[in-house]
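Take a look at the letters that make up each chain.
There are 4 protein chains.
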Amino acid sequence: MNEVSLGVFGASGYVGMELTRLLARHPRARLAFVAGERWVGSSVRQVLGEEGPAGELLYTAPEAAVAEAGRCAVALLATPPEVSLALAPRLLERGCRVIDLSGAFRLSDGREFERYYHHPAPPPALLAQAVYGLPELNRAALAEARLVANPGCYPTAAILALGPLLREGFLETGSLIVDAASGVTGAGRRASEEYSFVELEGDFRTYKVLRHQHTPEISQLLGRFAGAPVELTFTAHLLPIRRGILATSYARLRRGATAAELTLALRAAYRDEPFVTVAPAPERVSLLRVVGTNHCLLGVACEPAAGGRVVLVSAIDNLLKGAAGQAVQNLNLMLGWEETSGLNSLRSFYP
Amino acid sequence: MNEVSLGVFGASGYVGMELTRLLARHPRARLAFVAGERWVGSSVRQVLGEEGPAGELLYTAPEAAVAEAGRCAVALLATPPEVSLALAPRLLERGCRVIDLSGAFRLSDGREFERYYHHPAPPPALLAQAVYGLPELNRAALAEARLVANPGCYPTAAILALGPLLREGFLETGSLIVDAASGVTGAGRRASEEYSFVELEGDFRTYKVLRHQHTPEISQLLGRFAGAPVELTFTAHLLPIRRGILATSYARLRRGATAAELTLALRAAYRDEPFVTVAPAPERVSLLRVVGTNHCLLGVACEPAAGGRVVLVSAIDNLLKGAAGQAVQNLNLMLGWEETSGLNSLRSFYP
Amino acid sequence: MNEVSLGVFGASGYVGMELTRLLARHPRARLAFVAGERWVGSSVRQVLGEEGPAGELLYTAPEAAVAEAGRCAVALLATPPEVSLALAPRLLERGCRVIDLSGAFRLSDGREFERYYHHPAPPPALLAQAVYGLPELNRAALAEARLVANPGCYPTAAILALGPLLREGFLETGSLIVDAASGVTGAGRRASEEYSFVELEGDFRTYKVLRHQHTPEISQLLGRFAGAPVELTFTAHLLPIRRGILATSYARLRRGATAAELTLALRAAYRDEPFVTVAPAPERVSLLRVVGTNHCLLGVACEPAAGGRVVLVSAIDNLLKGAAGQAVQNLNLMLGWEETSGLNSLRSFYP
Amino acid sequence: MNEVSLGVFGASGYVGMELTRLLARHPRARLAFVAGERWVGSSVRQVLGEEGPAGELLYTAPEAAVAEAGRCAVALLATPPEVSLALAPRLLERGCRVIDLSGAFRLSDGREFERYYHHPAPPPALLAQAVYGLPELNRAALAEARLVANPGCYPTAAILALGPLLREGFLETGSLIVDAASGVTGAGRRASEEYSFVELEGDFRTYKVLRHQHTPEISQLLGRFAGAPVELTFTAHLLPIRRGILATSYARLRRGATAAELTLALRAAYRDEPFVTVAPAPERVSLLRVVGTNHCLLGVACEPAAGGRVVLVSAIDNLLKGAAGQAVQNLNLMLGWEETSGLNSLRSFYP
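Protein sequence lines correspond, in order, to chains A, B, C and D. Counting in the working numbering, the first sequence runs from 1 upward without gaps. Counting in the working numbering, the second sequence runs from 1 upward without gaps. Counting in the working numbering, the third sequence runs from 1 upward without gaps. Counting in the working numbering, the fourth sequence runs from 1 upward without gaps.
Take these hints with a grain of salt, some might be off.
Same chains, same names: a pair is fine if it fits in one copy or spans any two.
As the list claims (entries may be wrong) - The calculated EDC-like cross-link candidates involving lysine to aspartate or glutamate, where the alpha carbons are at most 16 Å apart (straight line), are:
| # | residue 1 | residue 2 |
| --- | --- | --- |
| 1 | 208 | 231 |
| 2 | 208 | 194 |
| 3 | 208 | 168 |
| 4 | 208 | 303 |
| 5 | 208 | 144 |
Calculated directly from the structure, the hints in this document are not laboratory data.
Extracted from the complex, chain A is given alone in its bound form:
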C-alpha cells in the first residue's frame, strides 16, 4: 500500500505529541514534517522514543514546514486558534488538505466565534469549506473535505451522548445541561503557578462558567441533530487527574420512554460505529474504561414519563477521541483508509 505524506503543526504540545505518535505508527501515513516551537533539530526518536523512519524525522520550525506542506496530502494543526487561522489558508492554497484541531473553524456563525474566542472570525468563504469532523455525524462529508474542523473535547463527549436522542425526537430541545469535567492535559502544556502540581492536586473546581467557548459548539451541533435550535447550559470542571473527560448531560423526555428504550436507541445509532459503546447503565461509564483509547463510552438513565428527566453520562480520553485520535479517524476517512487504521492498537491504561 502506498504511503501518504502528512505533516503536523503544533507538534510540541500535548495534543501534538499524541498526534505525532499516532501518525508515526500509522500503517499508511508517512510523516513528512513535525513543526513546533521547541525541539527544533531534535528527532522524534529522541523526544518521543519512536522507532522506525518517523523516529529519524527532525522537528522543524513552523515556517520551514509551511514550505514543505505543498508536498503533503494533509496537514494537521494542533495549534491555537489564531495560529490555525493564519496557517490554514496558506496550506490550502498550496493544495494541502487541513485538519485543524483548534476551535478556529468549528463555529459556523462568525459572531459566535468572535464573542467566545475574542478574535476576528475566519472569512466566510473559508468557513464555508470547513467540515465538522465528527465521523459519527459527518462520515460522508469527510471523504471530500479539504478543511476539517476537528471537534473540541467537551463537544465530542456531549454530542455523542445527546445527539442521537435529540435526532430521534426523544428529548426536548430546551433546558439541556452539560456538566462535564476534564483532566489537566485538557489545558495543554503550562508553565504557570495556576497549573502547578501543588495548586491542583486534590482540588476540583469550575472554570469559565457560562462563558466557555465550547458552549456554542455544542449548541450548534446539537441543533443539527435536533433539526431545531437547542438551549444549552455547559459547565466545565477541572479534575485532578491527567486524562479523561466525563460529561453528565441532563435533558427532558419529549415523550414517555424507559431507560432500556433509550439504551436501545443509542445502541441502534452506534451499531456500526467502531469507537462508541453504549453501557447498560450510566454508573458503568467511567474514565478508567476509556483513557488510553479512542473510544467513547455512554450510558443513560431516566424517569420514564413524558417530561421526565434524562441523565446521560459519556466518557472519552480528551487527548484521543477528544483530539488527536479523532483527528486520525478523520484523516482515515478523508483518505479512504480503514477508519480504525492507526487507532486499533491503542489500549486502555487500566489497570
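Please build the complex by placing chains B, C and D on the supplied structure of chain A, with the hints as guidance.
Coordinates of chains B, C and D only, in the frame set by chain A:
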C-alpha cells in the same frame, strides 16, 4: 466553665474518627465514651494520637456504651441508619439527647425513607421530634432539640447554595439540578475491591443515578426554603481524592437579576454566619479552599434575564461541614455554647 | 506465518489481564484459553474490550484449562507461587512449556525459597530445569527452556542497573543497597481496607523491611553477574500511584571511574538490547518515561575515586517489563520469534 | 500573659504561609508584620482566612518590614538563602532576633556552603552566632540564641533517625546512606512547566543526585552526634503528593544489637520529646500518620550481628516539622514559652 459529658457511637469509621478528635479537643466537652466495632480496649491516644484526658479514654463495645449514655448530655451517632434507628430511642429514653449523623431521621416522609433507604421508617412520634441540624436554617430550633438529624454531606452543599435564593424568590422551583462530586472518604471505610486504590485512582464516575438517597433530603429542605415543593434532579460523582464535595447547582431565574445581585443576596443571607462565605465568582470556589475546615464556600453566575440560567457552585469538606464538623456546630447550639467552639482551630489543608 | 497456541492461567489478576491483552494482540500467538477465578463464561471482548478472534474466547475454570494445555505450546502462569508449584509439573508432563510469573521457580536454593515464601520448595529436578527469564542475561538459554521463571518486578529493575557494572568489575560486591518504590498495581488486585484508596492516597511507606522475598532473587542474580556472592540490602516502598517501579541502587567503585565511563559501560552492555536505554544522568530517569512500555530506563552518577559511591537509578513499568511484558519477551525468545513482537506497539502513558 | 511582637519575611511562599497561620493562632505571639513579594496591601484574613487581630494585618513590602523589625523580638525568614544572608545582619543590628528557615546559616564550614549553594558564605562572625535549631539536639542553646538556623526538611528527618543511634555508639560512622522522598510543596511555589501537574502526577524520580545541598548539613550534624566525621550519601526523590518526607536510612551496627534494643534506645532518647514518636517497626511509619502535624515518626529494623545492616525509617510533614512547625518550636524555646505552644492544635490530615 463546666464540662459536659458526651459520647460517640460509630467511633471507628472515618466520620467517627473526626468526631472523636473534634470532641477530644473541644474546650467544653468531656468525652465519656467512644464506642465502635474495632479498637475496643485501645485508647484514643493510641489510635488517634490525642493528648490529654480524652487520649486516655478506651474504646468500648456499643452495648457497654448504651448503659453509660444515661450519664451523658448528648450522644453522637456516626452509625449506619439501621443502627441509629435502633440506638436513638434507647438513648432518648435514658434522657440522653442525640445527634444522629446517619440519614435515619432526616426525611419527614416515612415513605420516602423506605423507598430510598430500603428499611422501615422510624415511628412517626420519634420522627416528629427530629430537628434537621442545619444551623443556617434551624438555629433557633436546635437549642431545645432532643434529637437532631445531622444533614447529609451533599445536602449541606446543595442547600446552602440554593436555599437562600429560593427563599428570596429569585429562583423557579422547577427544574433544579444538583450535579455534585465527592472525595472517597464520603463512602466511608471500605474493604472492597471497588474502593481499592487501583480501581479509583485517576477515575471519575457517577453512582446511584436518579436513586441517590440524598435526593429526597435535598428536595425536602429546598421545599422549606421555597415555601413550595421543588422539582430536583441530583447526580453524585466519585472524585479520586480523599476529601471534599463540590456541588454545581442549576436553576432558572424567576425574575431578572444579575450575578452581582445574587451574590449580594447570598452575602446578606450569610452575613452573620461563621461558616459560610460567598466568593465573588463560582470559579473562585474550589475544594482546596475548604478541605480541612468547617466552612462552606459559595459562588454564583447567571444569565440575567428572567428565565435565565443560574449556576451555583458550593464546596465543603465532606467529613467536617458535611458530617462531624456540622455535628459539633449543632452540639454547640444545643448546649448554648459558642457556635464556633471546637471548630475554630481547624485549618485548611492547603498548601 | 503460523500461529502458535498459548494459554494463560491467573488471567483475572492485573498481571493476567495485561498478559491476556498482549497475547490477544500478538501477531503470532493464538490464545487457546484464559483461565482464572472470575469471569468464567464471559468473553475477553466483554471483559477487556479486545477485538478479533481472541475477543471471542471465553474465560474458563483452571481445571478445564489444564486439560486443554496439552494442545498448547506454552502456558503462562500469572498465579500465586503455591498455585504455580502445583500447576507447572502437570503442564510440563503434558508437553506444554511454561512461563511462570510467580516466584516459585526463581530461587535456585530451596532453603532460601522456604525461608522467604513460607512454603515447601519445588523438587530439585524441577528447579534444575528452570531458566531465569531475564533476556538481557539469559537470551541463549531461553530458546530451549521448557520452564521459565519470569523475574520479579523489583529484581528486573535492580539487576538491569547493577548487573553489568558488577560483571565488568566496576563495583564492589559488598554493601549493595537497593532502595525501590512501586505503584500499587504491584500488590495485585486487593479487596482489603489496607489497599483502599483512602488508606493509600498521599501516603508513602516501606513494607517487609529486611524480609522481602525479592531480596534473595536479586542477590542470586547479581552474584551470577559478579561471579561471586554479593551482600545486598533491599527495601521496598509503596508509592501512591498505579504503575511503575523506580529503584535507586547504591554500590562502591572497586576502581576509580567517572560517571561518564560508567554510562559508557552500561551503553555498551545494552547496545543491542531493544528494551533497555541508558539516560545521560540519573535525574533523567523517571516513571512517566517508561510507564505503559516494556522499557527499562537507567542512569548513573558516582564519586569517581576508588571506593567512591555509585548511585544507579532504574525505572520500569511493573506490569510490563516487570511482569507481563517481560513474559512476552521470553515467549518470543522461546519460540524463535522477533524479540519485540507484540511489544513494539506499546506506548508510554505520558502525557 | 504578655504577647510578644514577631514578624515574618517571605510570607507568600508555602512555608511562609504555614508560618503566618501558625503565628496568627499562637496564644502568645503578636504578628507585627508579614512581608513578601505578593499580596502587599491585602489582609491575612483575605489571603489565608485567618480570624482575629492577625487577620487584620496587611502584607507589606520587605523594605517597610525591615524598618518595623526593630520593634519585634524575633523575625522569621522564610526567604531564599541569598535574601536571608542580606536580611539577617540588618535585623540583628536592630536588636531583633532571627530564625532563618533557609540554608544560609546551617553549615559551619563556609567552603561547604559555597560549594553547595553557589553563593559567598556568610561572614564567620555571623556564622559563629548561629545555633542549629533542632530542639531535640540543641534545646539549651536555643534559649539564648540570637540567630537560629532552622534545619532543612530532609536533614530533620534523617538526623532524628540516625542521630541518637550514632551518639549511643550503635552505628558505624562510615557508609551512611539516606534515601529520602518529598512531596512537591518541598520545592516551593513554582510557575514552571517542570512542576506542572501533568509533568509530576504519577511520576517518581530523583534530583540533584550526589550534589544536594542538604548532604553537608546532614553530615555535619550526624558528625556532632557521633563525635566523629561521618561518611554519607544522600539521595532526594520527588513524590507525586503534596506534603511529607519519608527517609529510609541505612547504616551498619558497630556491635551486635536487636531491632528491639535499637527501638528501646530510640525511645529512651526521645522519652521527653513532645514531637518524636518511635513506632514498633519501620513498616508502621508512613506519611499519612504525620502529615498535618509537627511530629516525627520513626522505626527501625536490623540484622542483629555486629556489622549487620540497620534500616531506619522516619517521616515528617516537610512544611511543619520540616520547616514552619519546627521554627515555631524554636521560637517557643527562644522566648521561654511552652515548647508545644501554637503547635498542639495541629491535626493529622488523615483520614
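Quick one: residue 208 to residue 168, C-alpha cut-off 16 Å, is that within a copy, between copies, both, or neither?
Answer is neither; intra-copy 31 Å and inter-copy 27 Å both fail.
As a check of your reading, is residue 208 near residue 231 (CA-CA no more than 16 Å) within one copy, between copies, both or neither?
neither (18 Å within a copy, 27 Å between copies)
Using 16 Å as the alpha carbon limit, work out where residue 208 and residue 144 are close: within a copy, between copies, both or neither.
Result: close neither inside a copy nor across copies, 36 Å intra and 45 Å inter.
Please sort residue 208 with residue 194 into within, between, both or neither, judging by C-alpha distance up to 16 Å.
For residue 208 and residue 194, the Cα distance is within 16 Å only inside one copy (15 Å; across copies 26 Å).
With 16 Å as the alpha-carbon cut-off, assign the pair residue 208 and residue 303 to within, between, both or neither.
The answer is between: 13 Å across copies meets 16 Å, while 31 Å in one copy does not.
Of the numbered hints stated above, those contradicted by the structure are hints 1, 3, 5, listed in ascending order.
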